[in-house]
Amino acid sequence: MNVLDLATGVLFALGALLSVTGSVGIVRMPDFYSRLHPAGKTDTAGQFLILGGLVLQAPDWVTGAKLLLIIALLAVSAPTASHAITKAAWLAGLRPWTNRLAGHELLCPGSLPLVPDIPAETTVTSAQFAEEPRPPAEAEPAEAEPAATSARPAEHTAADGDLASVPGSPAPDAMAASPEGATP
Amino acid sequence: MKTMLVALSVVLLLAAFLLLYRALKGPTVFDRILALNSLGTKTVVLIAALGFLTSPSNFIDTSLVYALVNFVGTIAILKYVEFGRLG
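First to last, the sequence lines map onto chains A and B. Under my numbering, the residues of the first sequence are numbered 1 to 184, in order. Under my numbering, the residues of the second sequence are numbered 1 to 87, in order.
Hints are not guaranteed to be accurate.
What the hints assert, rightly or not - So the derived label-pair ranges between C-beta atoms look like this:
{"#": "1", "chain 1": "B", "residue 1": "F83", "chain 2": "A", "residue 2": "L6", "range": "48 to 54 Å"}
{"#": "2", "chain 1": "B", "residue 1": "G84", "chain 2": "A", "residue 2": "V10", "range": "22 to 28 Å"}
{"#": "3", "chain 1": "B", "residue 1": "L86", "chain 2": "A", "residue 2": "V10", "range": "39 to 45 Å"}
{"#": "4", "chain 1": "B", "residue 1": "D61", "chain 2": "A", "residue 2": "W90", "range": "35 to 41 Å"}
{"#": "5", "chain 1": "A", "residue 1": "N2", "chain 2": "B", "residue 2": "G84", "range": "54 to 60 Å"}
{"#": "6", "chain 1": "B", "residue 1": "T43", "chain 2": "A", "residue 2": "S34", "range": "21 to 27 Å"}
{"#": "7", "chain 1": "A", "residue 1": "P30", "chain 2": "B", "residue 2": "L13", "range": "24 to 30 Å"}
To be verified - Quick list of in silico lysine-lysine cross-link-like pairs, DSSO-like style, CA-CA up to 30 Å:
{"#": "8", "chain 1": "A", "residue 1": "K87", "chain 2": "A", "residue 2": "K41"}
{"#": "9", "chain 1": "A", "residue 1": "K41", "chain 2": "A", "residue 2": "K66"}
{"#": "10", "chain 1": "A", "residue 1": "K41", "chain 2": "B", "residue 2": "K2"}
{"#": "11", "chain 1": "A", "residue 1": "K87", "chain 2": "B", "residue 2": "K79"}
{"#": "12", "chain 1": "A", "residue 1": "K66", "chain 2": "B", "residue 2": "K2"}
{"#": "13", "chain 1": "B", "residue 1": "K25", "chain 2": "A", "residue 2": "K41"}
{"#": "14", "chain 1": "A", "residue 1": "K66", "chain 2": "B", "residue 2": "K25"}
{"#": "15", "chain 1": "B", "residue 1": "K2", "chain 2": "B", "residue 2": "K79"}
{"#": "16", "chain 1": "B", "residue 1": "K25", "chain 2": "A", "residue 2": "K87"}
Stated by the list, open to error - Sample of chain B residues at the chain A side, in silico, Cβ under 10 Å:
{"#": "17", "residue": "L18"}
{"#": "18", "residue": "T41"}
{"#": "19", "residue": "L86"}
Bear in mind the hints are in silico, worked out from the structure with no lab data behind them. We treat Cβ as the ideally placed atom computed from N, Cα and C, and that holds for glycine.
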């Protein structure tokens, strides 16, 4: 075993180690943007080492020149392809996986929040909900009960009582309100 | 020399199968494209390494063409995913 074979073996071992670690990283990384890191680097470095080891074993100079051409081509095209994939994923709306509690807007300002922030004016507590004046169409569905009618304004209860006193004709607003009050 | 090439090919095939798992499972389409791009690079190296077992000067051309086709194919798939057409 001469020096060239020894150098080839060392380059093969390093390249194979880089290839396997890159593949394991692509399988085990949690996110697309973190998978780019093993994919982009170990591909370029791994092919550089393995094809460089093959150049040392080339039988003639044409084969060695073609191997060097492949090395140059892959060294240019593999980072370009990784960059193109990253840019396409960013333009398609994919955002990095971050910890929202750690203040990810400070770390990456363009990122969208993982859970959309609810504005403070739309959050309704139960006390505000009880005090809000509601439209009569969305009144409580149990308005036929006497407890609900007693909470109404005075002239409304009077009109309701006049119409309810007529036999065989129910209250018109009770007719209008009852299907809409039942649907929600 | 021959045993080194065979061992290198086996290791590269193992790495290629790991990449194939990610290409089949990947949550987004970009994970699949990334895994296929890495798989193409692995294939270029694997063709060159296996060609040295039999006749080196014949398989180098295949490897060279595969490197070109891999890059152009990746860009074409990305363009199709991003714009919905290739024109």
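A quick look at each hint next to the structure:
The hint said 48 to 54 Å for the Cβ distance between B/F83 and A/L6, and at roughly 51 Å that hint holds. For B/G84 and A/V10, the Cβ-Cβ distance of about 48 Å falls outside the hinted range of 22 to 28 Å, so the restraint is violated. For B/L86 and A/V10, the Cβ-Cβ distance of about 44 Å falls inside the hinted range of 39 to 45 Å, so the restraint holds. In this structure, B/D61 and A/W90 meet the distance hint of 35 to 41 Å, their C-beta atoms being roughly 37 Å apart.
Between A/N2 and B/G84, the C-beta spacing of about 57 Å keeps the proposed range 54 to 60 Å intact. Taking 21 to 27 Å as the suggested C-beta distance range, the pair B/T43 and A/S34 conforms, at roughly 24 Å. Checking the proposed 24 to 30 Å range against A/P30 and B/L13 shows it holds: the Cβ atoms sit about 26 Å from each other. In summary, the hint linking A/K87 to A/K41 is supported, as the alpha carbons are separated by about 17 Å, within the 30 Å threshold.
Of the pairs offered as hints, the one joining A/K41 and A/K66 holds, with about 23 Å between alpha carbons and a cut-off of 30 Å not exceeded. Note on A/K41 and B/K2: the hinted pairing holds, with a Cα-Cα distance of about 28 Å set against a maximum of 30 Å. Our distance criterion of 30 Å between C-alpha atoms is met by A/K87 and B/K79, whose separation comes to about 11 Å. With a C-alpha separation of about 21 Å, the suggested pairing of A/K66 with B/K2 holds against the 30 Å cut-off.
Of the pairs offered as hints, the one joining B/K25 and A/K41 holds, with about 22 Å between alpha carbons and a cut-off of 30 Å not exceeded. Proximity of A/K66 to B/K25 is assessed by CA-CA distance (about 35 Å); at most 30 Å being required, the pair is judged violated. Restraint check for B/K2 and B/K79: not satisfied, since their Cα atoms lie roughly 41 Å apart, outside the 30 Å limit. Of the supplied pair hints, the one linking B/K25 and A/K87 holds, its CA atoms being roughly 22 Å apart against a limit of 30 Å.
The beta carbon of B/L18 is positioned within 10 Å of a beta carbon in chain A (closest approach about 4 Å), and the interface hint is therefore held. Taking 10 Å as the C-beta contact cut-off toward chain A, the hint placing B/T41 at the interface holds, the least distance being around 5 Å. Interface restraint check: B/L86 against chain A, minimum CB-CB distance 14 Å, threshold 10 Å, status violated.
Violation of the numbered hints given earlier is confined to hints 2, 14, 15 and 19; the remaining hints are satisfied by the structure.
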